[in-house]
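Undergrad: For reference, the chains in residue letters:
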Amino acid sequence: MTLAISVGLLVAGGVYLVVQRGMVRITFGFVLLGHAVNLLLVSGGGAFRREAPLMSETDASVAADPLPQAFVLTAIVIAFAITVYMLTLAGVGKRDDDTRGGPAVSGEKDEEKA
Amino acid sequence: MVLPLVLAALTALALAAPPLDRFLGRSTGWPLAAAFLGLAALVATRAPEVLSGAGAPSFDAPWMPAVGVGFHLRLDGLALLFVSLVLVVGALVMAYSASYFSHGRHGDFYLLMTLFAAAMFGLVLADDVVLLFVFWEITTICSFFLIGRSGLSASRPAVRTLILTAAGGLALLTAVVLMWVTTGTTRLSVILEHSAWTDDPAFATAVAVLVILAAFTKSAQFPFHYWLPDAMAASTPVSAYLHAAAMVKAGIYLLMRFSPALADHAVWQTALIGFGLVTAVLGALFALQRHDLKELLAYSTVSQLGFLVAIIGVGTPAAMAAATAHTLAHALFKATLFMLVGVVDREAGSRDIRKLTGLRRVMPVTATLTGLAALSMAGVPPLLGFVSKESMFGAFLDAPGPGWVGPVVGGVAVVGAILTFAYSFRLVYGAFGGPTEQSHLREPKAAFLFPAAVASVAGLVLGLVVPLLNPLVDRVVTDTWGLVHDSDLALWHGFSTALGMSVVVLGAGTVLFLRRAWLDRVLDRSLFPVRGTEVFERLYRGTIALGARVGDLTRSDSPAQHLAMPFVLLAVLASVALSAGLAVGDFPAPVSRPMDWVLVALIAASVLGAVVARSRLAALGSIGVGGFTVALWFFTLGAPDVGLTQLLVEVLTVVVAVLVLRRLPRSFHPTGRVRRAAAAVLAIVAGGVAALATYTMTGRRELSPAADYFLTEAENETGGTNVVNTILVDFRALDTLGELTVLGIAGLVIVAVLNANGLLPNRQPTAIHRFAGSPIDSPTDATILFRTVGRWLAPLVILLSAYLLLRGHYEPGGGFISALVGGAGFALAYLSAPSSDRAPIRWPYIALIASGVGVAVLTGVAGYLEGSFLRPVHLDIPLPWGGEYHFTSALVFDVGVYLAVIGVVVTALNRLGGDSGPPGGMPRSRGASRSGRSAGKETR
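Protein chains in written order, with the numbering used here: chain V, 55 to 168; chain D, 2 to 941.
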């Protein structure tokens, strides 16, 4: 139940962000979606056994499913690479929604004057 | 062993053809013809066994044993009939090609033709439906290339042929799958005797329709008949082979092969007889309209195939005997006619009967041979075509159904035969009759005529000694009808209705020929409002336009439009699934714990923060909180390795994001209310669906067998106690290698993107007037704490990272985690640098990535010492102080992981940090901000 709610929250936030304008928000949306999918994968193994699968200290009869953990571990690192790539794209934009800021929030007025 | 030997020999010949062509040029046809005949003789050694009914020689080899698909070949009577056509007609066409083509290179032609023969050979012998399908598709591909090689004008016909026959191939594939699933075997001879054909009418009907579709497209039956005349763009030897023995005969073979199972099926009978006769009459009418000899012959093939399909639909023993005889007769006269039309084309320079006239005086031998074949086609005694046509008449009268069906079917068949008679004479008279104009022409060389002569004379001789064919016909009837049958093909059957029909055909046909001027006038109009090729092209363009229309839904510069689409579809799918109702299992044990709700609350807060934030930095902060919470989730769920990875990645993500965000405005570009509302609706629906799906569809079972295996066996198998790590580097190392490569490529792509487009310049630092003059205002002074701590921390981080790497097999750690720790160390060093130009880490990051992937691959290669790629090598190294160190190459693999990940992190820090603007862009002011490194220099 708790895992499912977490996945739902992360998906909702991710979807909201990826349909906004500007690469940075899309990137952040992807980060949230990545979290959601990773939790979903772990949930696939089951959340009823929560002992770490370290055989030196845990008995095989109570350890959590190691297979989704292995999948998620590499998925996290790949998601990181994708995030960096998307941020790179956000950083090379010339004239788009990312380089045109919104109305000033606190402090920005000063910056524009400087 | 003869069967696989012949198949292998044909394949080898195909491969040998291009090198042979290098030396022999067009004469390559002669050795190939000899080889074909030799192989035919080899098969003939088994013929007595087949014909006596002693059993069908077969060959079995495993192919995909796991699913029970085998390389089964079986030579029964039906297969023998078609094998002899494929090899003997093949030999004639090869010999003919040696004279037909111009001098020069034709290696691709000989390769494709021999491959085509091999595929046909395999097709008619295959006793496994999967194998049958594979050979079926190879014939499609070979015909595509054979038609397409004739130049630019042949490219559209070739494509049209390919698409149509491949569509038929899909129908056959569906039938294969249906039969496999229903009967539980792929063995064709077993499937055909299965009880499902009678017990399961839906199955039988479905397979009947699918097989009919496959055969009709291949054998050019109405309404798919148009591809065959279209394919006339191919060279004449190709046409001769396609029409007489291969390709179109594959459809006939398929229908005959499935006759034992489907002959009594009403759909089968109706479709075959109905469409067959329509094709027979229409094809003959079209043939009477044509002036190009080759086109006339193409429609004649369409018509003759129609007769064959209809007679197979009748399905009685007499019908099967007639089908066998007519298949043989058609192969002989059609091969002859095509080859001779090619001869006329070569000698007289035209194939148009309006231009050709009176060639009989200058080319009497050619004229005689053509006449013989045409007489056989017209069904004139004593040629083989007469015997086969008359036996077809007899069989048509016994067509299944109510009493009136037989006479009607017989009547339509007579009409078709009368038209056939008329166009046969039209063909001969058109080319060879009338006054001679090109009197300088002469007979071609004997070698050019010889192959056609063999086939032409064979049609006469076999007609005279037709009872000799009875043993073969008997076997085919037994194979296609299911019971032993005694055929009695003969020239003279006494006074029968069939004889009367033959007399009517001869009489009416002669009248039609004599009144040819009237017939031409009557037929000089379009019989059909549309042309098949035009319909095809319209459908083809329509399909592509429809695809473009569908693609337009998301083909947009606005990412939101195509990013939203998967979620919309997902929501639709979910609502369909929900309305259908879900069977939900039970959790094996409670899955939620009270503390989890804290994490849920944290996630909710961070998501909300990220969604409402208008400042980029605030959004990043919220995202970071979310990431750390997810890491906590992993720790709570018993995944310390994953939690550590998530934690470190989160740190690095924030660092990298900050490097980019400082180049962008502080706040997001505002979005309109409508977009926000639409996004919110979509987000809530998607989130709800995701939560519901996660809740109902995951974790509702005991531990999987795979998980159980890993937990109990990992230590014994690998020596490692950290099961997650052993999965990464031992069990599923190939996966990890792939992921590593993706990671490396992402790093290289980042470099490539930044080499092509420089980064935006950094925002001017905000002057904080309050702190002017204080240490906070100076970058050097402000970072002093960082630098001091960093100096002590850096070696510790390196040590920690090495320690984590080494212990990864046993305790939380391993290549990914240790590399991320190392990367965090680099990030610390980067952030503590007093200025941009002192910040970059002077490490060759691309080389790091490459060496990481390289080390991992080399470890994989070393695995061959133990038998396979990436299998870990274990060594026990004795230590000087006693005991042993257990070394495993999985550790080396993990070093590869380490290097690649470090490389990507350093790439990101170096290339996204600094002050680089667009390469060669605006000049930068030096001095105050001490910037000025260009993107180019940074790659040092």
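If you're looking for bench data, these hints aren't it; they were derived computationally from the structure. These numbers come from a predicted model, not from an experiment. Where is the CB? At the ideal position from N, CA and C, for every residue including glycine. Among the clues, some could well be false.
[Claimed, not checked] Incomplete in silico selection of chain V near chain D, CB under 7 Å:
hint	residue
1	Val78
2	Ala118
3	Met140
Undergrad: Please go over all the hints and tell whether each is borne out by the structure.
TA: Here is how each hint holds up against the structure:
1. Val78: For V/Val78, the interface hint holds, since the closest Cβ of chain D sits about 6 Å away, which is under 7 Å.
2. Ala118: holds, 4 Å
3. Met140: violated, 10 Å
Of the numbered hints given earlier, the model fails hint 3 alone.
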